[in-house]
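Asks: As they're listed, the protein sequences go chains U and G.
Following this note's numbering, the numbering of the first sequence begins with 91 at its first residue and continues without gaps.
Following this note's numbering, the numbering of the second sequence begins with 2 at its first residue and continues without gaps.
Honestly, the hints are just simulated from the structure, not real lab data.
Take the hints with a grain of salt, since some may be wrong.
[Stated by the list, open to error] Derived CB-CB ranges, DEER-like:
id : chain 1 : residue 1 : chain 2 : residue 2 : range
1  : G       : Asp38     : U       : Gly717    : 48 to 58 Å
2  : G       : Asn75     : U       : Glu808    : 34 to 44 Å
3  : U       : Asp575    : G       : Asn75     : 38 to 48 Å
[What the hints assert, rightly or not] Derived EDC-like pairs (lysine to aspartate or glutamate); straight-line CA-CA distance at most 20 Å:
id : chain 1 : residue 1 : chain 2 : residue 2
4  : U       : Lys377    : U       : Glu718
5  : U       : Lys321    : G       : Asp38
6  : U       : Lys377    : U       : Asp719
7  : U       : Lys173    : G       : Asp35
8  : U       : Lys571    : U       : Asp581
9  : U       : Lys571    : U       : Glu393
10 : U       : Lys444    : U       : Asp325
11 : U       : Lys579    : U       : Glu222
12 : U       : Lys321    : G       : Asp35
Note that this is a predicted model, so its numbers are computed, not measured.
Glycine included, each C-beta is placed from N, C-alpha and C at the ideal position.
Residue strings, one per chain:
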Amino acid sequence: MTMKLDRRSFIKSAAATSAIATAASLFPGISFAGWEKLEDAAGMITWHKAPCRFCGTGCGVLVGVSGERAVAVKGDPNCSVNKGLCCVKGYHSVQALYGKDRITRAKVRKNGEMVEVPITEALDLIAAKMKETISSHGKDSVAVYGSGQWTIPDGYVASKLFKGCIGTNNVEANARLCMASAVTGFMTSFGIDEPMGCYEDIEHANVFVTWGNNMAEMHPVLFSRMLAARKRNGDVEIIDFATRTTRTSQAADKSILFKPQTDLAVANAICHEIIRNNWVNRDFVNKHVSFRKGLTNIGYGVEDHFQFQDKPEGINFAEFETFLKDYTPERVEKISGVSARDIRYLASLYGDPKKKVTSFWCMGMNQHTRGTWINNLVYNIHLLVGKISTPGNSPFSLTGQPSACGTVREVGTLTHKLPHGVVMNEHDRQMAAEIWNVPVENIDPKPTYHTVEMFRALDRGDIRFIWIQVTNPMVTMPKLKRYRDGALKEDRFIVVSDVYPTPTTDVADVILPAAMWIEQEGMFGNSERRTQHFDEIVPPPGEAMSDTWQLIEVARRLGYEKQFPWSRDEYIGKIWEEYRRFHDSPKHNMAPYEVLRARPGVQWPFVNGRETRWRFNPKYDPACTSGEDFHFYGHKDNRAWIWARPYEPAAESPDQEYNFWLNTGRVVEHWHTGSMTRRVPVLHNAMPSSYVEINPDDAAELGVVNGDMVKIISRRGEVAMPASINGRGVPPRGMVFVPFFDESYLINEVTLDAFCPISKQPDYKKCAVRLEKA
Amino acid sequence: MPILGYIASPRSGAKKELLQELNALQYCEAFPADNVDILILVTDTPDKETEAMLQQQLKDINALESLSMTFGYNNELHEGERNDNEA
Numbered sequence: 091m092t093m094k095l096d097r098r099s100f101i102k103s104a105a106a107t108s109a110i111a112t113a114a115s116l117f118p119g120i121s122f123a124g125w126e127k128l129e130d131a132a133g134m135i136t137w138h139k140a141p142c143r144f145c146g147t148g149c150g151v152l153v154g155v156s157g158e159r160a161v162a163v164k165g166d167p168n169c170s171v172n173k174g175l176c177c178v179k180g181y182h183s184v185q186a187l188y189g190k191d192r193i194t195r196a197k198v199r200k201n202g203e204m205v206e207v208p209i210t211e212a213l214d215l216i217a218a219k220m221k222e223t224i225s226s227h228g229k230d231s232v233a234v235y236g237s238g239q240w241t242i243p244d245g246y247v248a249s250k251l252f253k254g255c256i257g258t259n260n261v262e263a264n265a266r267l268c269m270a271s272a273v274t275g276f277m278t279s280f281g282i283d284e285p286m287g288c289y290e291d292i293e294h295a296n297v298f299v300t301w302g303n304n305m306a307e308m309h310p311v312l313f314s315r316m317l318a319a320r321k322r323n324g325d326v327e328i329i330d331f332a333t334r335t336t337r338t339s340q341a342a343d344k345s346i347l348f349k350p351q352t353d354l355a356v357a358n359a360i361c362h363e364i365i366r367n368n369w370v371n372r373d374f375v376n377k378h379v380s381f382r383k384g385l386t387n388i389g390y391g392v393e394d395h396f397q398f399q400d401k402p403e404g405i406n407f408a409e410f411e412t413f414l415k416d417y418t419p420e421r422v423e424k425i426s427g428v429s430a431r432d433i434r435y436l437a438s439l440y441g442d443p444k445k446k447v448t449s450f451w452c453m454g455m456n457q458h459t460r461g462t463w464i465n466n467l468v469y470n471i472h473l474l475v476g477k478i479s480t481p482g483n484s485p486f487s488l489t490g491q492p493s494a495c496g497t498v499r500e501v502g503t504l505t506h507k508l509p510h511g512v513v514m515n516e517h518d519r520q521m522a523a524e525i526w527n528v529p530v531e532n533i534d535p536k537p538t539y540h541t542v543e544m545f546r547a548l549d550r551g552d553i554r555f556i557w558i559q560v561t562n563p564m565v566t567m568p569k570l571k572r573y574r575d576g577a578l579k580e581d582r583f584i585v586v587s588d589v590y591p592t593p594t595t596d597v598a599d600v601i602l603p604a605a606m607w608i609e610q611e612g613m614f615g616n617s618e619r620r621t622q623h624f625d626e627i628v629p630p631p632g633e634a635m636s637d638t639w640q641l642i643e644v645a646r647r648l649g650y651e652k653q654f655p656w657s658r659d660e661y662i663g664k665i666w667e668e669y670r671r672f673h674d675s676p677k678h679n680m681a682p683y684e685v686l687r688a689r690p691g692v693q694w695p696f697v698n699g700r701e702t703r704w705r706f707n708p709k710y711d712p713a714c715t716s717g718e719d720f721h722f723y724g725h726k727d728n729r730a731w732i733w734a735r736p737y738e739p740a741a742e743s744p745d746q747e748y749n750f751w752l753n754t755g756r757v758v759e760h761w762h763t764g765s766m767t768r769r770v771p772v773l774h775n776a777m778p779s780s781y782v783e784i785n786p787d788d789a790a791e792l793g794v795v796n797g798d799m800v801k802i803i804s805r806r807g808e809v810a811m812p813a814s815i816n817g818r819g820v821p822p823r824g825m826v827f828v829p830f831f832d833e834s835y836l837i838n839e840v841t842l843d844a845f846c847p848i849s850k851q852p853d854y855k856k857c858a859v860r861l862e863k864a
Numbered sequence: 002m003p004i005l006g007y008i009a010s011p012r013s014g015a016k017k018e019l020l021q022e023l024n025a026l027q028y029c030e031a032f033p034a035d036n037v038d039i040l041i042l043v044t045d046t047p048d049k050e051t052e053a054m055l056q057q058q059l060k061d062i063n064a065l066e067s068l069s070m071t072f073g074y075n076n077e078l079h080e081g082e083r084n085d086n087e088a
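Just chain U, with the same shape it has in the complex:
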């Protein structure tokens, strides 16, 4: 039975939740079964499973509902990801549904003013504008830009509508900004995307190396699992390898700082030492690895229409060894600032056959102008010593959004991708055309624009219509001014589907009210290949509807009723079963809809009723067919590829005029641009505004004390914000760090839109700035 929860009970529940969240941060792994009994005994709340709305960890939560309102959250003890634990954002997540400025009605710009209209009128206008734009400027003048917060059905119908029906590959998602380098890293090293390991590696590893990854703030639940494993197992070391000192450094057994971009050189030096000390697992390498080199001096993509195509060339082990001769620890010490002794120490951890090693990374390696390369290089280390695809031995790329893997990587909502394969491949296009019930000629074999180039195309006028869903590019695009000015140009039509006003809704011609998280049914896919279903647990407010249904409504207005035939009470299940047809093989099979509904999450490949925890290992992975102890089936040679990739400098480094590195990132309280978490009072009060971290010696030279306003100036723009000295994070001399969650301080006015030429992912961690006391 469910009773309505009164306001006072709600506040008491918030008080308990807040205390639990604090306790969880102090005591990793703590649980409170008694609270559940207390709440249940009160008979006021019913509990429903869902994945958390925020990061890519994919914590299972139980959402407490009273009447038609979500009032409480607790960790789902049945979810293997978090085993009942949540982070501070997770515990307060339902409050993000109820900010007072929630968008509940559609708005259309009329005579320069945004005016509320019935949502049907807004949908009619969108469809008419798309038809008109295509008629005047061609199919490639319309685009959709989504995100890793799209549910899997959201991304699937967007791809089907734009690629299959309209026939444009103008489909991108903000995951291009956060994990495209991880994808190209996997594809070039293994020929298939997504991690071979799973979070259970944490309980098996003896050594964790966090490569430019502040897990204590970005993936706090996984970090808690690491700390708990260290406490429980004893023989566990955590090495934080980073460019600034953070909470992760403080909790680690050893903190090693490197100069920005030089992780490339250090990774090669580790391989150099592994070979020099004869720590190579020769049997593994001989049976399962082949060697490649690619092009060098590959550019940075700062100019419009930049093109790059790598040319892989086979090399042998001896040639790889020769390539590494430039990377002795002493030479790399001079480049990286990491002592030769620490380089040898890192190599010894990876090289010790008795130690199981897990490497974690996220934005530090992915938002990198050589992001693909550094992903390759960390795989090189694991492959040389054969520490991969077994419990505890895992090179593990973490994701930042709840469905960056599920929606963007698996559904393929990037310009070159299809739900299975790529648009360039005829067989993949035929499969898509058959499943989508469209002529194969509809699917264009040529990719169009990756994200940065898509917004450049909007600025140039090559794109005239863009529909932005579940993301906030007018905060997140690097070199922001160009792209905001582009969006505001005449003859550009911008549709934004979102839940709160943002700088992106500010540039919209139409705003659609979106259902958020548990106000709709959907699925997310997390970092460890886990697909997680959630029901519509509470009704969306006003006229808000799911992004999936918004797209279907417009698709039907464009004449594609046949491709989008589902009714509103069953569309998610029908879409899932259609989508699942793309992955019908032991390498990628997805769980049926009913299985997803029943469990807190299911890892793919899901074959004969079993989930796969470690890929490429026949003990766990049914797709292995070689009869060997491992089978890297992604590449045609059935081997993983070690790449010779050199150190190359950043696109822009400090000089006499702009003498500081600028590094940007996140904080534990806020999720990405803060459009949701800044509306949660507890989170907002805990971290009300952004700041610039400055090394205390640099601050003294500038004459700046904590809280003083500091102007950060680059060749692109400037922003003034308060200084933080010896705060939560401390950068080394010559570097400043700024969190990007606060739209009052748009740090991306300052950043550079250089990207990795292979992944096309921008580098938000490195550009040159100068500081002035404001």
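Take the given structure of chain U and dock chain G to it, following the hints.
Replies: Relative to chain U, chain G alone:
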């Protein structure tokens, strides 16, 4: 009319006793962590005088080592601030 949330730490070996004593007090609801020696305490008093009295009662509990406040809400202070995040 404050509502306050705390982490309560018992003296060594006195977790169970502390739980009983806290739940025996009017205006208090406490529940323990399963695997760590702490409790969560939520208090809900009708006025300042009662709150002051409860604070004194809490100080008198021998089994209580310390209280760390993690959440505070007061009707008088928050009047007029209500938004949709408060049911």
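Asks: Given the range 34 to 44 Å, decide if the beta-carbon distance of Asn75 (chain G) to Glu808 (chain U) lies inside it.
Replies: 42 Å, holds
Asks: Is 48 to 58 Å right for how far apart the beta carbons of Asp38 (chain G) and Gly717 (chain U) are?
Replies: Since Asp38 (chain G) and Gly717 (chain U) have Cβ atoms about 53 Å apart, the given range 48 to 58 Å holds.
Asks: With the threshold set at 20 Å, check whether the alpha-carbon distance from Lys444 (chain U) to Asp325 (chain U) stays at or below it.
Replies: Within the cut-off at roughly 11 Å; holds.
Asks: Does the Cβ distance between Asp575 (chain U) and Asn75 (chain G) fall inside 38 to 48 Å?
Replies: The hint (38 to 48 Å, Cβ to Cβ) holds, given that Asp575 (chain U) and Asn75 (chain G) are roughly 47 Å apart.
Asks: Do the alpha carbons of Lys321 (chain U) and Asp38 (chain G) lie within 20 Å of each other, as the hint requires?
Replies: Given that 20 Å is the threshold and the Cα spacing comes to 17 Å, the pair holds.
Asks: Need the status of pair Lys377 (chain U), Glu718 (chain U): alpha-carbon distance at most 20 Å?
Replies: Distance ~9 Å between Lys377 (chain U) and Glu718 (chain U) Cα, so the pair holds.
Asks: Decide if the proposed pair is consistent with the structure: Lys579 (chain U) and Glu222 (chain U), CA atoms, cutoff 20 Å inclusive.
Replies: Holds, because 18 Å separates the two Cα atoms, which is no more than 20 Å.
Asks: Would you mind confirming whether the straight-line C-alpha gap from Lys571 (chain U) to Asp581 (chain U) stays at or under 20 Å?
Replies: Distance ~18 Å between Lys571 (chain U) and Asp581 (chain U) Cα, so the pair holds.
Asks: Would you mind confirming whether the straight-line C-alpha gap from Lys377 (chain U) to Asp719 (chain U) stays at or under 20 Å?
Replies: Holds, at about 9 Å.
Asks: Mind checking the alpha carbons of Lys321 (chain U) and Asp35 (chain G) for me, to see if they're no more than 20 Å apart?
Replies: Judged against 20 Å, a Cα distance of about 18 Å means the pair holds.
Asks: Please verify whether Lys571 (chain U) and Glu393 (chain U) have alpha carbons no more than 20 Å apart.
Replies: Holds, at roughly 16 Å.
Asks: Given the hinted pair Lys173 (chain U) and Asp35 (chain G), is their Cα-Cα distance within 20 Å?
Replies: 13 Å, holds
This entry satisfies every hint, going by the numbered hints stated previously.
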